[in-house]
Amino acid sequence: MAENATDLFQEEDTQKGKHLIFALGNEQYGIPIGHVIEIIGIQPITEVPEQPEYVKGVINLRGKIIPVMDVRLRFKKTHREYDDRTCIIVIEVSDLCIGIVVDLVLEVISIDDENIAPPPKWNKDSYSRYVQGIGKVGDSVKILLDCKKLLDEEELLELHTLDMNEE
Amino acid sequence: MHTHVSLEPMQEMFIFETLQLAEQLEQRILSSENANSNTASIDEIFRIMHTIKGSAAMMMFDQIASLAHALEDLYDMLRTEQTIEVDSRILTDLTLDAVDFIKQEIDKIQQGKKADGDSSPQMQKVQIYISSLDRNLQHKGMEAATITKTSQQQPFYVSSCQNSGTVKSRAFIAHLFFEDGCEMENIRAFTVVHNLQELCQELLFSPEDILENTDSVKILREQGFHIVFRTRESVEEVNQFFAQIPFSEKVSVQEVGEREYHAEPLVQAKSSQVHIQEEVKNNDPLLISMGKQGVGSQLMTVSVEKLDSLMDLVGELVISEAMVSQNGDIKGLKLHNFQKAARQHKKLISDLQDLAMSIRMVPLEGTFQKMNRLIRDVSRKLEKEISLKIIGEDTEVDKNIIEKISDPLMHLIRNGVDHGIELPQERMAQNKTKQGTITLEAKHAGGEVWIIVRDDGRGLNKSRIVEKAQRAGLTTKQEHELSEGEIHSFIFAPGFSTKESVSELSGRGVGMDVVMQNIQKVGGSITVESKEHIGSIFTIKVPLTLAIIDGMTVKVGQSAYSIPITSIRESFRPREQETICDPSGREMILIRGNCYPIIRLHELYKIQTDIYEFHKGILIMVEHDGKSICLLADALLGEQQVVVKPLPRYIKKVQGIAGCALLGDGKISLILDISSLV
Amino acid sequence: MKRVLVVDDAAFIRGSLRVMLEGHEFEVVGEAEDGEEAVKQYVALKPDIVTMDVTMPGMDGLQALKKIKELDKNAKVVMITALGKEDTVKQAILHGAVNFIVKPFTAEGLLKVLNKV
Numbered sequence: 001m002a003e004n005a006t007d008l009f010q011e012e013d014t015q016k017g018k019h020l021i022f023a024l025g026n027e028q029y030g031i032p033i034g035h036v037i038e039i040i041g042i043q044p045i046t047e048v049p050e051q052p053e054y055v056k057g058v059i060n061l062r063g064k065i066i067p068v069m070d071v072r073l074r075f076k077k078t079h080r081e082y083d084d085r086t087c088i089i090v091i092e093v094s095d096l097c098i099g100i101v102v103d104l105v106l107e108v109i110s111i112d113d114e115n116i117a118p119p120p121k122w123n124k125d126s127y128s129r130y131v132q133g134i135g136k137v138g139d140s141v142k143i144l145l146d147c148k149k150l151l152d153e154e155e156l157l158e159l160h161t162l163d164m165n166e167e
Numbered sequence: 001m002h003t004h005v006s007l008e009p010m011q012e013m014f015i016f017e018t019l020q021l022a023e024q025l026e027q028r029i030l031s032s033e034n035a036n037s038n039t040a041s042i043d044e045i046f047r048i049m050h051t052i053k054g055s056a057a058m059m060m061f062d063q064i065a066s067l068a069h070a071l072e073d074l075y076d077m078l079r080t081e082q083t084i085e086v087d088s089r090i091l092t093d094l095t096l097d098a099v100d101f102i103k104q105e106i107d108k109i110q111q112g113k114k115a116d117g118d119s120s121p122q123m124q125k126v127q128i129y130i131s132s133l134d135r136n137l138q139h140k141g142m143e144a145a146t147i148t149k150t151s152q153q154q155p156f157y158v159s160s161c162q163n164s165g166t167v168k169s170r171a172f173i174a175h176l177f178f179e180d181g182c183e184m185e186n187i188r189a190f191t192v193v194h195n196l197q198e199l200c201q202e203l204l205f206s207p208e209d210i211l212e213n214t215d216s217v218k219i220l221r222e223q224g225f226h227i228v229f230r231t232r233e234s235v236e237e238v239n240q241f242f243a244q245i246p247f248s249e250k251v252s253v254q255e256v257g258e259r260e261y262h263a264e265p266l267v268q269a270k271s272s273q274v275h276i277q278e279e280v281k282n283n284d285p286l287l288i289s290m291g292k293q294g295v296g297s298q299l300m301t302v303s304v305e306k307l308d309s310l311m312d313l314v315g316e317l318v319i320s321e322a323m324v325s326q327n328g329d330i331k332g333l334k335l336h337n338f339q340k341a342a343r344q345h346k347k348l349i350s351d352l353q354d355l356a357m358s359i360r361m362v363p364l365e366g367t368f369q370k371m372n373r374l375i376r377d378v379s380r381k382l383e384k385e386i387s388l389k390i391i392g393e394d395t396e397v398d399k400n401i402i403e404k405i406s407d408p409l410m411h412l413i414r415n416g417v418d419h420g421i422e423l424p425q426e427r428m429a430q431n432k433t434k435q436g437t438i439t440l441e442a443k444h445a446g447g448e449v450w451i452i453v454r455d456d457g458r459g460l461n462k463s464r465i466v467e468k469a470q471r472a473g474l475t476t477k478q479e480h481e482l483s484e485g486e487i488h489s490f491i492f493a494p495g496f497s498t499k500e501s502v503s504e505l506s507g508r509g510v511g512m513d514v515v516m517q518n519i520q521k522v523g524g525s526i527t528v529e530s531k532e533h534i535g536s537i538f539t540i541k542v543p544l545t546l547a548i549i550d551g552m553t554v555k556v557g558q559s560a561y562s563i564p565i566t567s568i569r570e571s572f573r574p575r576e577q578e579t580i581c582d583p584s585g586r587e588m589i590l591i592r593g594n595c596y597p598i599i600r601l602h603e604l605y606k607i608q609t610d611i612y613e614f615h616k617g618i619l620i621m622v623e624h625d626g627k628s629i630c631l632l633a634d635a636l637l638g639e640q641q642v643v644v645k646p647l648p649r650y651i652k653k654v655q656g657i658a659g660c661a662l663l664g665d666g667k668i669s670l671i672l673d674i675s676s677l678v
Numbered sequence: 001m002k003r004v005l006v007v008d009d010a011a012f013i014r015g016s017l018r019v020m021l022e023g024h025e026f027e028v029v030g031e032a033e034d035g036e037e038a039v040k041q042y043v044a045l046k047p048d049i050v051t052m053d054v055t056m057p058g059m060d061g062l063q064a065l066k067k068i069k070e071l072d073k074n075a076k077v078v079m080i081t082a083l084g085k086e087d088t089v090k091q092a093i094l095h096g097a098v099n100f101i102v103k104p105f106t107a108e109g110l111l112k113v114l115n116k117v
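Order-wise, the sequence lines are chains A, B and C. Under my numbering, the residue at position 150 of the first sequence is numbered 150, and the numbers go up by one with no gaps. Under my numbering, the residue at position 220 of the second sequence is numbered 220, and the numbers go up by one with no gaps. Under my numbering, the residue at position 97 of the third sequence is numbered 97, and the numbers go up by one with no gaps.
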C-alpha cells in the first residue's frame, strides 16, 4: 500500500496539470491524466438490467469486467450513435475502474493552475455538479471534470429526490 | 563490530507460526480436558509453550514470552511429577486464558499496533496454581520456578594431564567478567575451564562450584571469574586463548613468577583438596521416538496471495483455451491434427483446473473446531451443560466460502446455546438428559455442501414468533392462517428477535437475518425445521465452489445468460396451448400434473427480443430448495464451464443475477441466481 | 565464507538465524528440524559450523551432537539453549560442543560466538 502512495505522489508531480481532453458534441472536456488507465475504441457492450440509463453495461477488457458509462447521458444530453471515432476512456477512481464513452478523444495537454477558473454556480439541470474548474487553453475553454463526482451515486440520489420534489 | 540486525522481516513468520501453535494448543487442551489430560498432551503443550516463549523473546514481545514461560514451568512440573492431581478445569482455564492473550497480542501486531497487553494477571494466576500444586506434593525442595535439577556430578576439578617435559611451564593469573545478559555464566566459566585444561599442567579457579551451585552465577557477575594455571604454552598463545572467549570482558591475563603463583590463595587451598575425576555420562539412552514432525514435513506453507494468483491464472487459462478452440476463425474448418492437439490441450487444462480447484478446497475441520471453544465458553457462562458432536468435519469447501460462513455459523451456535438449550433443571423437569447436545454435521449433496446444526433444546415457539412478527409488522395473519414453514421463516426476517430482552451474548443487531444475508452472499441458503420442546435443525446449503461453474448459456435478445447446471431440472420447447394463466394473471405451465410459474426473462430484465411466444422459445425448469419455476429464453446456446466473476462494484445489484462470466468467444454472460428467482 | 547448518524445530528460529547471518561471512547451507535430520544433513553437507537447538522433539540436540561428533570428531557445533538447561549444556560441552548461546539472543551475540569458533 505504501508503495502505491509514493508512486502516485511521484506520478502526480510529473503529471501535475496534465489533462486528457475529449469532446462531446461541440464542447471539450478534460480529466486529470492520473486517473486514466487506457483508451480503447468502442466495442460491443453487454447490457446489464436495472441500471441507470447512463450505465450502458459492461465490457471485457482482457479478462477484466469493466462497467461502462455513457457520459452524454450522464450529463443529460441526447444520445448519439456510436461510430468509429467513439472511444471508451478507462479511468480509475478510488479503486473503482470504469469506462466512459466519449464522442472523440483529442489530446493530452498541460494546464497550469493559474489558467483554471473555479466552476460556475451550481445549476441542477446541467452537468456543472461534476465540474472541477474551467481551463483556459489559448482561445478555447475546456471543462475540467471531477472524476469522483462523476461516479458518485449519492449525488445522483440527491438529484433524483430534488427532481421528484420539484415535480 | 557493530551489527544491527532487526528481526522485523521475521515478523510475519512469527505471527504465522505462533498462531498455528496457539490453535494447536487450544485444540489439545480442549480435547484433553474431556479425556482427562494424558501425558502426550502435557508433553505437547509443554513443547509448544517452550517454542512460543523462545520466539516471542527473540522478537522482544516480553509479555507473551513471560506468560508462555510461566505456563511452560507449569507443564514442566506436570510432566515430571506423575503423582500430581490436577483439576482439568482450572488447568484448561489457565491455558485458554494464555492462548487468548497470545492471540490478542498477535492480532494487535498484525494490525501494526503495539503489543501493549499486560500478561501479569494471567501469570499471577498460573503462579498461584503452581504454588498450590507445590504444596500438595509430598517431597519438598521442588522449585517450580527454576528448573535446575540438582546435579549428580562431583565438584569439577581439573587435574593436571600433561607430563612434565623439558619445556618450562609458565604460571598465569587470569581474571575476567562475562558480558551482561549473556546468561548461564557458570556454564561459560565451565566451558573456559574445559577448553583451557587441555593446555595446562595445573588449573584452579574460583568460584569453584560453578556447576552445581547456581549462586555461582551471582558471584561470577559480581566478582568475575578467577583462574590460576600453569602451562607450557607461550604468552601469545595464552593471550589468544583468552581473546577468543565469547562474551568475555575486562579480561586480564598476567604471567607471574613462581613465588607469586604459590602465594595465590587458590593454589594454597588446592593442597588440601582431593582430586576428583570428571564424570562423563556415557550411558544416555538414545531417544528415537518420533515427534509429530517426523523426518522432514511433507507439508509446505504458501502465501495466500500466490495461491489466489494461481487460481486466477488457471481460471483465465480455462477461458483462453475456449477462446482458442472455439475461435470464429477456425469455425467449420476441417483441421484433423489441430483438433487432436486441441483435445489434448483441453484435457491437460482440465486436469490442471481440477488440481487447482482441489487446492482451494479446505476441510471444515478448522471451522468446526472453533465451535468447540465457543460452546465451552458460552455454556460455562450461562451455566448450561452442553456437548458438541461433530460429524463429517473432513468435508471440504472452497476456502473463500469457509471464511464467509464462519461467522454466521458461530452466531447460529451461539443462538443454540443461548436460546435453544435449556438450563439443566428445566431439562430434567421435562425428562430430558441434563446435558444438551448440539450436533454439527457437514456433507456433500449434489453441487452443494450442507452444514446442519441440530440441537435437542426447546425448539421454536410458534405463538411467540407470530406475536413478534405481528408486532414487527411482518404479517397481519393469525397463527392458524400460517403454515409452520412460514412461521419459522419469520426468524430470518429483518427486524425480528425472539427474546424480549436482547441477550448479552447474542448481541444487538446481529439477528438471524444477518446470518441469512451472509450465507446468501456466497450463493447459499438456510432453512429451519423445529418442534417445540424437542429441538431445532438449521440447514445451511452452500455451493461447492464459487469460482467455476458448469453453466447452460441461453440467449435472450442480444444478451446471454448462464444458468448453473445444478439448478436445471429440464429444458424443452412447450406447445402453444400448454401454458395457462392463474387468476392474478401469472403465467403457468402444467407438467406431469404439477403447476409451475413461468418467468419471462425478456420481461424481467426488459430485454428487446423477437421471441415472446412460448412455442418459439425455450423453457428451462429450474429448482432451488424444493421450489421449481420455468424460465423463458430465446434459445439454448450451449453448456460450458464458465469462470464466475462478480459484477463490478459500480454496477447496482440486480435481483436474480449472481455475477457474470466470460464466454469462450470473449462475450460476457450474466449468471442467474436461481435462489432469488424461485 | 563459513558454511552453517541450522538446526531447530521452530521454523521461526531457523528463519531468524538466516536473517541474522545474512551479509556476514556465514552462509546457511541447510536446515534441520530435529536431531535425526541434523545428522543426515551434516553428512550430506559437511558444514563448517552447526547451530544446534538443545530442545527438540524426537532426537534432541545433545544426542545429535554426540552422533555428529562420532562421525566427525572435528565437527564444530554451537548449542542454542533456553535458560534452565545448564546440565544439558554442560554435557554438551563435555561431549565436544565448541560453545553455546542462550535464547533470546541478538545478532551481535550470535555473531560473537560464531566468529570465535
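Take these hints with a grain of salt, some might be off.
[Claimed, not checked] Using 20 Å as the maximum straight-line C-alpha spacing, the simulated DMTMM-like pairs for lysine to aspartate or glutamate come out as follows:
1. C:Lys112 to B:Asp418
2. B:Lys645 to A:Glu92
3. C:Lys112 to B:Glu639
4. B:Lys653 to A:Glu107
5. A:Lys18 to A:Asp83
6. B:Lys606 to A:Glu50
7. B:Lys653 to A:Glu114
8. B:Lys645 to A:Glu53
9. B:Lys652 to A:Glu47
10. C:Lys116 to B:Glu237
11. B:Lys652 to A:Asp103
12. A:Lys149 to A:Glu53
13. B:Lys389 to B:Asp351
Honestly, the hints are just simulated from the structure, not real lab data. Please read these numbers as outputs of a predicted model, since none were measured by experiment.
Hint by hint, here is what the structure shows:
1. C:Lys112 to B:Asp418: violated (59 Å)
2. B:Lys645 to A:Glu92: Holds. B:Lys645 to A:Glu92 sits at ~19 Å (cutoff 20 Å).
3. C:Lys112 to B:Glu639: Given that 20 Å is the threshold and the Cα spacing comes to 68 Å, the pair is violated.
4. B:Lys653 to A:Glu107: It is violated: about 36 Å lies between the C-alpha atoms, which goes past 20 Å.
5. A:Lys18 to A:Asp83: violated (27 Å)
6. B:Lys606 to A:Glu50: holds (8 Å)
7. B:Lys653 to A:Glu114: Given that 20 Å is the threshold and the Cα spacing comes to 43 Å, the pair is violated.
8. B:Lys645 to A:Glu53: violated (23 Å)
9. B:Lys652 to A:Glu47: Cα-Cα ~13 Å, so holds.
10. C:Lys116 to B:Glu237: holds (15 Å)
11. B:Lys652 to A:Asp103: violated (25 Å)
12. A:Lys149 to A:Glu53: holds (17 Å)
13. B:Lys389 to B:Asp351: Violated, at about 37 Å.
In this structure, the earlier hints numbered 1, 3, 4, 5, 7, 8, 11, 13 are contradicted, and the remaining ones agree with it.
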